[in-house]
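S.K.: Line order of the protein sequences matches chains A and B. Quick note, the first sequence lines up with residues 1386 to 1523 if you use our numbering. Quick note, the second sequence lines up with residues 1386 to 1523 if you use our numbering.
Hints listed in this document are in silico derivations from the structure and should not be mistaken for laboratory results. Please note that a few of the clues may not be correct.
Because identical chains cannot be distinguished in the list, a pair is counted as satisfied if it fits within a single copy or across any two copies.
Pairs of lysine-lysine residues, derived as DSS-like cross-links and limited to a Cα-Cα distance of at most 30 Å, are as follows [said to hold, decoys possible]:
(1) K1521 with K1413
(2) K1519 with K1498
(3) K1519 with K1508
(4) K1519 with K1413
(5) K1447 with K1520
(6) K1521 with K1399
(7) K1521 with K1498
(8) K1520 with K1413
(9) K1484 with K1498
Please read these numbers as outputs of a predicted model, since none were measured by experiment.
Number of protein chains: 2
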Amino acid sequence: MKEALKEAEKALVKDEVPIGAVVVWNNKIISRGHNLTETLNDPTAHAEMQALTAASNSFGGKYLDQCTMYVTVEPCPMCAGAMYWAHLGSLVFGATDPKRGFRLISNNILHPKTVITSGILEKECSKLISDFFKKKRS
Amino acid sequence: MKEALKEAEKALVKDEVPIGAVVVWNNKIISRGHNLTETLNDPTAHAEMQALTAASNSFGGKYLDQCTMYVTVEPCPMCAGAMYWAHLGSLVFGATDPKRGFRLISNNILHPKTVITSGILEKECSKLISDFFKKKRS
Chain A
1386 MKEALKEAEK ALVKDEVPIG AVVVWNNKII SRGHNLTETL NDPTAHAEMQ
1436 ALTAASNSFG GKYLDQCTMY VTVEPCPMCA GAMYWAHLGS LVFGATDPKR
1486 GFRLISNNIL HPKTVITSGI LEKECSKLIS DFFKKKRS
Chain B
1386 MKEALKEAEK ALVKDEVPIG AVVVWNNKII SRGHNLTETL NDPTAHAEMQ
1436 ALTAASNSFG GKYLDQCTMY VTVEPCPMCA GAMYWAHLGS LVFGATDPKR
1486 GFRLISNNIL HPKTVITSGI LEKECSKLIS DFFKKKRS
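Based on the sequences and whatever the hints tell you, model everything.
M.R.: Right, dumping it as structure tokens:
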């Protein structure tokens, strides 16, 4: 999760909502991503989408059932839907997203075999986001 | 929808699940997409995702609230979640997807302002898919 936080900080430097993700296979990071929706002018350019696409590329297969994604914030329905198609093995996230987290809609957006762990480095992940929006509002 | 069907046929030629999409603004097609998950080895490479990303690019903005997407099959939760972020104005789809359509999970995956129309050229859209899977199975 510390590596996902590093990705989130890369987004912050670009004045993007600071969310970062990494995908791990066999104890190695096989892909990284950070939010680039403003930079790329693309509403789908979330950290998770980029990390998933890059992981499939580096893994040489569409399915990531042996992989774990670490992401600093609870994924939205789009990203959870993408994880479904990737058959993601495990999802670990830091902060919850009470406004647009996938769990607000349904846990069933994820693949039934995906193991979910939440609250890892929650404070750090959450602070990065809340500081960003506080600064935007002021 | 006929243009979306043409996109689906492009997917079929590449031995991809034949789904196609176009985005229309001001009576003009501003983007096109067809399913490329196998070709790109990317589980997120659905027709709708590509059409949305291309539309944002061509439109010069992240928000597509003045646009209509025509897609041959009911979008999955990932694609519906992407349409939420794009604030898509209208969604028109052909065939329903009783296995993985977003409505199985919740209509709330879409943006509350997105107007939904279904069943346009339903038979043609549906036949393309069912013929594809019949052929795969035989």
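S.K.: I want to check one pair: K1484 and K1498. Are their C-alpha atoms no more than 30 Å apart within a copy, between two copies, both, or neither?
M.R.: So K1484 and K1498 pass the 30 Å test inside a copy (25 Å) and across (17 Å) alike.
S.K.: Since the copies are identical, ignore which copy is meant and state whether K1521 and K1498 lie within 30 Å (CA to CA) inside a copy, between copies, both or neither.
M.R.: between (38 Å within a copy, 26 Å between copies)
S.K.: With identical chains, the pair K1521 and K1399 could be close in the same copy or across copies; at 30 Å between alpha carbons, which is it: within, between, both, or neither?
M.R.: within (14 Å within a copy, 46 Å between copies)
S.K.: Is it within, between, both, or neither for K1521 and K1413, if the alpha carbons may be no more than 30 Å apart?
M.R.: neither (35 Å within a copy, 36 Å between copies)
S.K.: With identical chains, the pair K1447 and K1520 could be close in the same copy or across copies; at 30 Å between alpha carbons, which is it: within, between, both, or neither?
M.R.: between (39 Å within a copy, 22 Å between copies)
S.K.: Cα distance capped at 30 Å. Does K1519 pair with K1413 within a copy, between copies, both, or neither?
M.R.: Intra 35 Å, inter 40 Å, cutoff 30 Å: neither.
S.K.: Within, between, both or neither: how does the pair K1520, K1413 come out at a Cα-Cα threshold of 30 Å?
M.R.: neither (35 Å within a copy, 40 Å between copies)
S.K.: Using 30 Å as the alpha carbon limit, work out where K1519 and K1508 are close: within a copy, between copies, both or neither.
M.R.: Answer is within; shortest intra-copy Cα gap is 16 Å, inter-copy 51 Å.
S.K.: Check K1519 against K1498 for me: Cα-Cα at most 30 Å, and say if that holds within a copy, between copies, both or neither.
M.R.: between (37 Å within a copy, 27 Å between copies)
Taken one by one, the earlier hints fail for this structure at numbers 1, 4, 8, listed in ascending order.
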